[in-house]
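Asks: Using the sequences and the hints given, assemble the complete structure.
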Amino acid sequence: MALLEVRDLVVGYDQYPVLHGVSFDVEQGECCVLLGLNGAGKTTTVTTVAGMLQPQSGSITFDGKELRKGSPSQRVAGGISLSPEGRRLFPRLTVSQNLKLGAWSRRRDSKTLKRQMDLVRDYFPRLAERENQLAGTLSGGEQQMLAVGRAMMSRPKLLLIDEASLGLSPTVARTVWEVTSRIKADGTTVLMVEQNAGALPFADRALIMEKGTLVYTGVGDELRTVNLREAYLGSGA
Amino acid sequence: MSQELVVALVNGLFRGSVYALVALGIVLVYRATGVFNFAQTEFGTTGLFAAFVAVEMWHWDYALGLLFGISVAIVMGLVTERVVIRPLRHSSKVTLLVGTAGVATTAIGIQFWLTNEQPIREMPPIVEGSIATVLGVAITYQKVITVLVLIVVALALAAFFRSPSGLAIQAAQQEATAAELVGISVRRVSLMTWGIAAALGGLAGILSGPNDTFTAAFLTFGGGAALLPGLMAAVLAGMRSMPGALAGGLLVGIVEQLGALSALADLPGPKATILFVFLLVVLLLRPEGLFARKVVGA
Ligand SMILES: Nc1ncnc2c1ncn2[C@@H]1O[C@H](COP(=O)(O)OP(=O)(O)O)[C@@H](O)[C@H]1O
Ligand SMILES: [Mg+2]
Numbered sequence: 001m002a003l004l005e006v007r008d009l010v011v012g013y014d015q016y017p018v019l020h021g022v023s024f025d026v027e028q029g030e031c032c033v034l035l036g037l038n039g040a041g042k043t044t045t046v047t048t049v050a051g052m053l054q055p056q057s058g059s060i061t062f063d064g065k066e067l068r069k070g071s072p073s074q075r076v077a078g079g080i081s082l083s084p085e086g087r088r089l090f091p092r093l094t095v096s097q098n099l100k101l102g103a104w105s106r107r108r109d110s111k112t113l114k115r116q117m118d119l120v121r122d123y124f125p126r127l128a129e130r131e132n133q134l135a136g137t138l139s140g141g142e143q144q145m146l147a148v149g150r151a152m153m154s155r156p157k158l159l160l161i162d163e164a165s166l167g168l169s170p171t172v173a174r175t176v177w178e179v180t181s182r183i184k185a186d187g188t189t190v191l192m193v194e195q196n197a198g199a200l201p202f203a204d205r206a207l208i209m210e211k212g213t214l215v216y217t218g219v220g221d222e223l224r225t226v227n228l229r230e231a232y233l234g235s236g237a
Numbered sequence: 001m002s003q004e005l006v007v008a009l010v011n012g013l014f015r016g017s018v019y020a021l022v023a024l025g026i027v028l029v030y031r032a033t034g035v036f037n038f039a040q041t042e043f044g045t046t047g048l049f050a051a052f053v054a055v056e057m058w059h060w061d062y063a064l065g066l067l068f069g070i071s072v073a074i075v076m077g078l079v080t081e082r083v084v085i086r087p088l089r090h091s092s093k094v095t096l097l098v099g100t101a102g103v104a105t106t107a108i109g110i111q112f113w114l115t116n117e118q119p120i121r122e123m124p125p126i127v128e129g130s131i132a133t134v135l136g137v138a139i140t141y142q143k144v145i146t147v148l149v150l151i152v153v154a155l156a157l158a159a160f161f162r163s164p165s166g167l168a169i170q171a172a173q174q175e176a177t178a179a180e181l182v183g184i185s186v187r188r189v190s191l192m193t194w195g196i197a198a199a200l201g202g203l204a205g206i207l208s209g210p211n212d213t214f215t216a217a218f219l220t221f222g223g224g225a226a227l228l229p230g231l232m233a234a235v236l237a238g239m240r241s242m243p244g245a246l247a248g249g250l251l252v253g254i255v256e257q258l259g260a261l262s263a264l265a266d267l268p269g270p271k272a273t274i275l276f277v278f279l280l281v282v283l284l285l286r287p288e289g290l291f292a293r294k295v296v297g298a
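In order, the protein sequence lines correspond to chains Z and F.
For reference, each letter of the first sequence is one residue, going 1 to 237 in UniProt numbering.
For reference, each letter of the second sequence is one residue, going 1 to 298 in UniProt numbering.
Just so you know, not all the hints are guaranteed correct.
[Unchecked claim] Computed spacing ranges between beta-carbons, pair by pair:
hint	chain 1	residue 1	chain 2	residue 2	range
1	Z	S59	F	A158	46 to 52 Å
2	F	A225	Z	R115	51 to 57 Å
3	Z	S59	F	A159	45 to 51 Å
4	Z	R182	F	A176	27 to 33 Å
5	Z	K69	F	T213	53 to 59 Å
6	Z	R68	F	G223	53 to 59 Å
7	F	F161	Z	K69	30 to 36 Å
8	Z	S110	F	D212	48 to 54 Å
9	Z	E178	F	F160	38 to 44 Å
10	Z	A77	F	S91	27 to 33 Å
11	Z	A77	F	L284	50 to 56 Å
12	Z	Q74	F	Y141	51 to 57 Å
[What the hints assert, rightly or not] Chain Z is faced by these chain F residues, among others (derived, beta-carbon under 10 Å):
hint	residue
13	A178
14	I184
15	S185
Worth flagging that the hints you see were computed from the coordinates, not collected in a lab.
Ideal placement from N, C-alpha and C gives every residue a C-beta, glycine not left out.
Replies: Shown next as structure tokens:
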């Protein structure tokens, strides 16, 4: 049984659906990338999994249990953490305060807090050097690292990362993806959302979404050799 | 130093402390909702009336009466959040603003109605008498206590905003979506914010009340009017800085009292005019306020 099982998910804003029955699995221990053009419905998919949006129909099963109507706080306590699109840091709080707040759902567990803090420092030495800097004054790349680091602070079983590479130089984007691979290797399952096909080498498997439906599921290697890239990701991909 | 100057400085510090308490509440709510809370000083008048009823009519111990007054103010803040602010959270800022004005006028209406037969009341001070006399000017215990309470409140708030709950409040104000994503209950945080703001208002009312007689709307338009000076202090703080609100409150109090000694005092409506001139000059020179930190973009 997969860690995350999404079945026939229909989600919309003000009743008008933008996801038309999306089904996919994310296996325990893998790094999966959800690719698609702008407006395909990727953000809607992951924010629904994170509990920010309620589906009109369909089901989400996580770790063997079906997730009913639930708030983000229940999801994060249950092991699903989202690094949201646009980073959404707390700009006038410091790097270390942002990280501490990432562990809000485990704030009474000081051992986990310390362990995750050490882990995040290890993943992102750049953040460790800037602990007392206000998040809003970090560079774009550092802000993205902090967004991922903050999401890791709750010690998730499933880490969702929405468009980590947005607005970053190719080198900085690669740095973030490399850490994603390490996070996966350390045992956290990862689902990352990307428009940038440069993320493919860092993923075990790819899902491609178009206009609110999944149009392709396959292993990354396969995708690299097939012309699907051009068909679904645009010529620039 | 002349006697007049001593009076102005003592009263300036005392009034300034009251304004600072009000301004802190205004800034706290402004950061959370983006609106100016018209009801901020009515938390104070209501708390003062509650303390008065407990101490003078029910003959409670003074300390218990104060506690009761603050509690009533806090309950009023929580009810305001639950009944007015939360249902209107997706409405425009103007609607929210009108909502807080509605709370203030309702509270004032109820106060007038309840005090119909005897509109003017007098609350005894916490400690009778003066702590010292400087150049013939008596410095009352009540004024000294008020300034001390402000200092304690300022230290407590500074510690609170570094605590996990305080960080959660700031997080929800700066980036509500991310706050929810990490598991912070934005609803609880909003209640907490209004509770603290109301407690600050309540303190302002209960501490300034015994200085004089009081009536309905005491802290809003009455003898102890602190809403406009509190708002001015908050504006000086760029509406966002808590240390700025504190400094702004003290500054407004002192400018108001010193101004009353100057030539400006001959203008009609002396106190308010002096403050308006002062605020205008400050905002012309520094539109972002005196004490505002540079706002960092997200
Ligand atoms: N808050 C919203 N209200 C209404 N429509 C929205 C909202 N957010 C996204 N949409 C619409 O839903 C569709 C999918 O958007 P999104 O999930 O953000 O796509 P992606 O992340 O793949 O770019 C788009 O057509 C978009 O216009
Ligand atoms: Mg998106």
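Asks: Now look at each hint and say whether the structure bears it out.
Replies: How the hints compare with the structure:
no., hint, in the structure
1, Z:S59 - F:A158: 46 to 52 Å, "holds (48 Å)"
2, F:A225 - Z:R115: 51 to 57 Å, "holds (55 Å)"
3, Z:S59 - F:A159: 45 to 51 Å, "holds (46 Å)"
4, Z:R182 - F:A176: 27 to 33 Å, "holds (31 Å)"
5, Z:K69 - F:T213: 53 to 59 Å, "holds (56 Å)"
6, Z:R68 - F:G223: 53 to 59 Å, "holds (57 Å)"
7, F:F161 - Z:K69: 30 to 36 Å, "holds (33 Å)"
8, Z:S110 - F:D212: 48 to 54 Å, "holds (51 Å)"
9, Z:E178 - F:F160: 38 to 44 Å, "holds (40 Å)"
10, Z:A77 - F:S91: 27 to 33 Å, "holds (31 Å)"
11, Z:A77 - F:L284: 50 to 56 Å, "holds (51 Å)"
12, Z:Q74 - F:Y141: 51 to 57 Å, "holds (52 Å)"
13, A178, "holds (4 Å)"
14, I184, "holds (5 Å)"
15, S185, "holds (6 Å)"
Violated hints are absent here; each numbered hint is respected by the structure.
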